[in-house]
Amino acid sequence: MSIIRADIYRIVRGKGLYITLAVFVFIMILQVVGGMNMNAGVDSSALDMLEFDFSDFDFDDPNPGAFDISELFRAPTGREAVVRAAGGTSNIMYILLPLVVFIGVTDFTSGSAKNVLAGGVSRGSYYFSKLLLSCIVCAALLIVYFVFSTIAATLWSGFGGAFDGEYLLGVAQIFLAQLLLCLAGACAANFFVFLMRSGGFTGVFIAFLLVPAVLILGLSFISRRFEQLFEYELASNMAAAAGISSMTFGEITKMLLVGLCYIVISVAGGYAVFKRAEIK
Amino acid sequence: MSVLTTRNLTKRYGKKAAVDDVSLTVEKGDIFGLVGQNGAGKTTLMRLVTSLAHPDAGEIELFGKNIAQGHNEAKMRMGSVVEMPALYPNLSAEQNLEYYRILGGMADKGVIRRSLELVNLTDTGSKKFKNFSLGMKQRLGLALAVMHEPEFIILDEPINGLDPIGIVEMRDLMKRLNEGGVTLLISSHILTELSQVATKYAFIHEGRLVKTITQDELREECKSALSVTVDDAAKAMSILESELQIHTCMQVGPNELRIYEFLDNPSEITFRLSQGGVRVASMYEVGDSLEEYYTKIIGGVLR
Numbered sequence: 001m002s003i004i005r006a007d008i009y010r011i012v013r014g015k016g017l018y019i020t021l022a023v024f025v026f027i028m029i030l031q032v033v034g035g036m037n038m039n040a041g042v043d044s045s046a047l048d049m050l051e052f053d054f055s056d057f058d059f060d061d062p063n064p065g066a067f068d069i070s071e072l073f074r075a076p077t078g079r080e081a082v083v084r085a086a087g088g089t090s091n092i093m094y095i096l097l098p099l100v101v102f103i104g105v106t107d108f109t110s111g112s113a114k115n116v117l118a119g120g121v122s123r124g125s126y127y128f129s130k131l132l133l134s135c136i137v138c139a140a141l142l143i144v145y146f147v148f149s150t151i152a153a154t155l156w157s158g159f160g161g162a163f164d165g166e167y168l169l170g171v172a173q174i175f176l177a178q179l180l181l182c183l184a185g186a187c188a189a190n191f192f193v194f195l196m197r198s199g200g201f202t203g204v205f206i207a208f209l210l211v212p213a214v215l216i217l218g219l220s221f222i223s224r225r226f227e228q229l230f231e232y233e234l235a236s237n238m239a240a241a242a243g244i245s246s247m248t249f250g251e252i253t254k255m256l257l258v259g260l261c262y263i264v265i266s267v268a269g270g271y272a273v274f275k276r277a278e279i280k
Numbered sequence: 281m282s283v284l285t286t287r288n289l290t291k292r293y294g295k296k297a298a299v300d301d302v303s304l305t306v307e308k309g310d311i312f313g314l315v316g317q318n319g320a321g322k323t324t325l326m327r328l329v330t331s332l333a334h335p336d337a338g339e340i341e342l343f344g345k346n347i348a349q350g351h352n353e354a355k356m357r358m359g360s361v362v363e364m365p366a367l368y369p370n371l372s373a374e375q376n377l378e379y380y381r382i383l384g385g386m387a388d389k390g391v392i393r394r395s396l397e398l399v400n401l402t403d404t405g406s407k408k409f410k411n412f413s414l415g416m417k418q419r420l421g422l423a424l425a426v427m428h429e430p431e432f433i434i435l436d437e438p439i440n441g442l443d444p445i446g447i448v449e450m451r452d453l454m455k456r457l458n459e460g461g462v463t464l465l466i467s468s469h470i471l472t473e474l475s476q477v478a479t480k481y482a483f484i485h486e487g488r489l490v491k492t493i494t495q496d497e498l499r500e501e502c503k504s505a506l507s508v509t510v511d512d513a514a515k516a517m518s519i520l521e522s523e524l525q526i527h528t529c530m531q532v533g534p535n536e537l538r539i540y541e542f543l544d545n546p547s548e549i550t551f552r553l554s555q556g557g558v559r560v561a562s563m564y565e566v567g568d569s570l571e572e573y574y575t576k577i578i579g580g581v582l583r
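Residue numbers (my numbering), protein chains in the order written: chain V, 1 to 280; chain P, 281 to 583.
It is possible that part of the hints are untrue.
As the list claims (entries may be wrong) - To be clear about the criterion: a stretch of chain V counts as covered by chain P if any three or more of its residues have a C-beta under 8 Å from a C-beta of chain P, and this derived list gives those stretches:
1. 4-15
2. 105-112
3. 117-124
Stated by the list, open to error - Computed far set for chain P versus chain V, every beta-carbon distance over 10 Å:
4. T305
5. K308
6. G309
7. S331
8. Y380
9. I526
10. D568
Keep in mind that the hints were calculated from the coordinates and are not lab data. Cβ coordinates follow ideal geometry from the N, Cα and C atoms, glycine included.
Isolated chain P, as found in the complex:
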């Protein structure tokens, strides 16, 4: 079931298209990562989906409803933090959430405590939002986004300003929310972090959607070599060439080889090397990281 569908979505500022003919689908249960440089159009796309900006062309469907025709009930099933978390500077964390609890007509006052507990922000007392660190602001923004238990959450650069522990907590929180059935759309510049949570990616460049790929497909595409550590590298290379006709093999360390064939049958390599009297200490797959893959994709676009 699709949670979000955009069809030929376009938004222009003057002559420049910030979002250019973007069609994508976020399925229920996805952690959908938006990948792109600064100014690529990620935030504009999120602003269009959250109705903070109006598209010049194209359609946006949220839970199967076209949001241009109203359908505010569909938007109510969504939580979001787009750009910086924005709350009232002179109110505390609890007062800010109380404001939105009243506004959202939520009868249960317990949602405030539960949301603050979820983001580890229960001990801020009367400290005002304007005195929060960037990390605390991010957490409170997320608490607000999850307070009404939405089915779909949009997070724009959610780990910006978080310390290393905060990043791990945020990552765990996103995974927990996803396990609980929440679909997420996330943008992030920190691709190593994004690659640890996302199940699907959309690569955006200069407003255009360059590629959409699942985590499994990405893993497959990034898979490029086997790194094998042996006790005798020269003997191992000779065996691989004579026994398996492997010619794309190179020595990258005193005892380490990089093999670019037999990626789908690594046990055969272990077997032949053992048979030939070479001890295999380790063998693992090496490949492009998300960052390398992204550079490759965007580099292709730039060329």
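This is chain V alone, in the form it adopts within the complex:
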């Protein structure tokens, strides 16, 4: 625990946390005020564009009816904010996980990891402390993302309904599913941190997040059969979890198992690599 306490002391004195929070607040303001679904990266939602049949759309119709474009940009109420925010949580992958990466990788780029390890802290304690810290940061920022969105949307458009058990249950389902997937992302990020232990690693990690989604999207243009690969991609699962209430039990189970597999493989792999690694 003392490693985590010390790291929290260090993180709150760095700029990274505050820059990330500022970016977060900016995105949330855009979502709440502009009613925009801010997605920083590529996920399976991009495929929705493929499914829209523009031939049915009458561009001359002054009253588009079901396709009300203004509805798309309507600011959400507080009650709707979590679902809207959750739909954009692939942002977590593209914005928060680099923060997690920087928290871990700074120890290696500055060389300070060797002070800790030479001073009698075991590699296991060190690895799992850093992992736990990453998870704590991820969870905290996910909470901030949800809570801040709800508060901001409520202040802007009102809550828009009852703050009841049904609402809380819905929020809890989305939060827990996304938390698991977010932690899977944090574990994967840590795996790369402990595997490469270098500053240039961040680009590789971002590529790790972005390339599969872009690749799957590209393949889906060739054949829709490849769409199924999105089920194994974290950012898409994060976006899909926003609609957990409309998912089947099988779909939910599969989504959570994918997250768990990411966690188990990356935690075990990261530790195995770090245990024998040379610390520069």
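Given chain V's structure and the hints, the job is docking chain P onto it.
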């Protein structure tokens, strides 16, 4: 009592052995100097002892505990600065030490001030570590190494980047720590400095331990001649030859002689010269410096 023992320690990088079958013992109270060229294996040896790298063969015992079997409590009794001092670049000296104070579970906040005072680094304020000079970084690294009052400190090239005053201060600090009961393992390229603090030396060449020697043994081995300044060099040489049968004597200056015998009985020389009417202005022992001795040893290895 042995603080550090290595037995047949070997570390290879590819086909090259960076540390090759090294067995040495650092006793409590030693200031143990590791001497060797760049790439000789000094830093690798220190990295193995501090568990930053894993040996391919051999054992390391720290305070009698084999560190391959865990024993992190033994490592906690050690402080180290291996390679460059490495701290968080965006934190100040005080914040960096505070980080390690929290991490080490030290309740006493006063350790930070005391450590900074010890290395004369109390006036850096909010200046970040990344803006420190190399000398300041060395001092802060040492402050970190001593903060938890270790019994054994490993310092890799501790006077690198220090100015002349900093070197003197560092030397005094190492002596003070040693007088306080701390055992030190130091590597340095600046052998004249090392020779002023070390009580024992290990000479390493191409990963192999060539020789281990104490300061007293080194002094004895380096002792090679008596330098004698007299008022009449020619008369003095004649007296030495006739009275003491000294044949290995040479004149090296107008009034200076170099005598290669009677090293263990210099008073006899003074007595005979005075008796013969030659005034001796000075007499002292001259010998190889650590650098010369090192060159001789390594030269022998190279041959």
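Is the listed coverage of the segment 105-112 of chain V by chain P valid when you require three or more residues with a beta carbon under 8 Å from a beta carbon of that chain? holds (count 4)
Does the claim that P:I526 lies outside the interface with chain V hold up, using a Cβ gap greater than 10 Å? holds, 55 Å
Classify the label on P:G309 as holds or violated, using whether its beta-carbon is more than 10 Å from each beta-carbon of chain V. holds, 22 Å
Confirm or reject: P:D568 is not an interface residue toward chain V, with every Cβ-Cβ distance exceeding 10 Å. Consistent with the label, P:D568 stays out of reach of chain V, its closest Cβ about 35 Å off (over 10 Å).
Claimed coverage, the segment 117-124 of chain V by chain P - three or more beta carbons nearer than 8 Å: Since three or more residues must qualify, the claim that chain P covers the segment 117-124 of chain V holds, with 6 doing so at under 8 Å.
Examine each Cβ of chain V, and state whether all of them lie more than 10 Å from the Cβ of P:S331. violated, 6 Å
At 10 Å, judged by beta carbons, does P:K308 keep clear of chain V as stated? holds, 19 Å
If we take the beta carbon of P:T305, is the closest beta carbon in chain V still more than 10 Å away? holds, 20 Å
So is the segment 4-15 of chain V in contact with chain P by the C-beta rule, three or more residues under 8 Å, or is the coverage claim wrong? It holds: at least three residues are needed, and the segment 4-15 of chain V offers 7 whose Cβ sits within less than 8 Å of chain P.
The output says P:Y380 does not contact chain V. Does that hold with a beta carbon cutoff of 10 Å? violated, 7 Å
Hint violations for this structure: numbers 7 and 8, all remaining hints satisfied.
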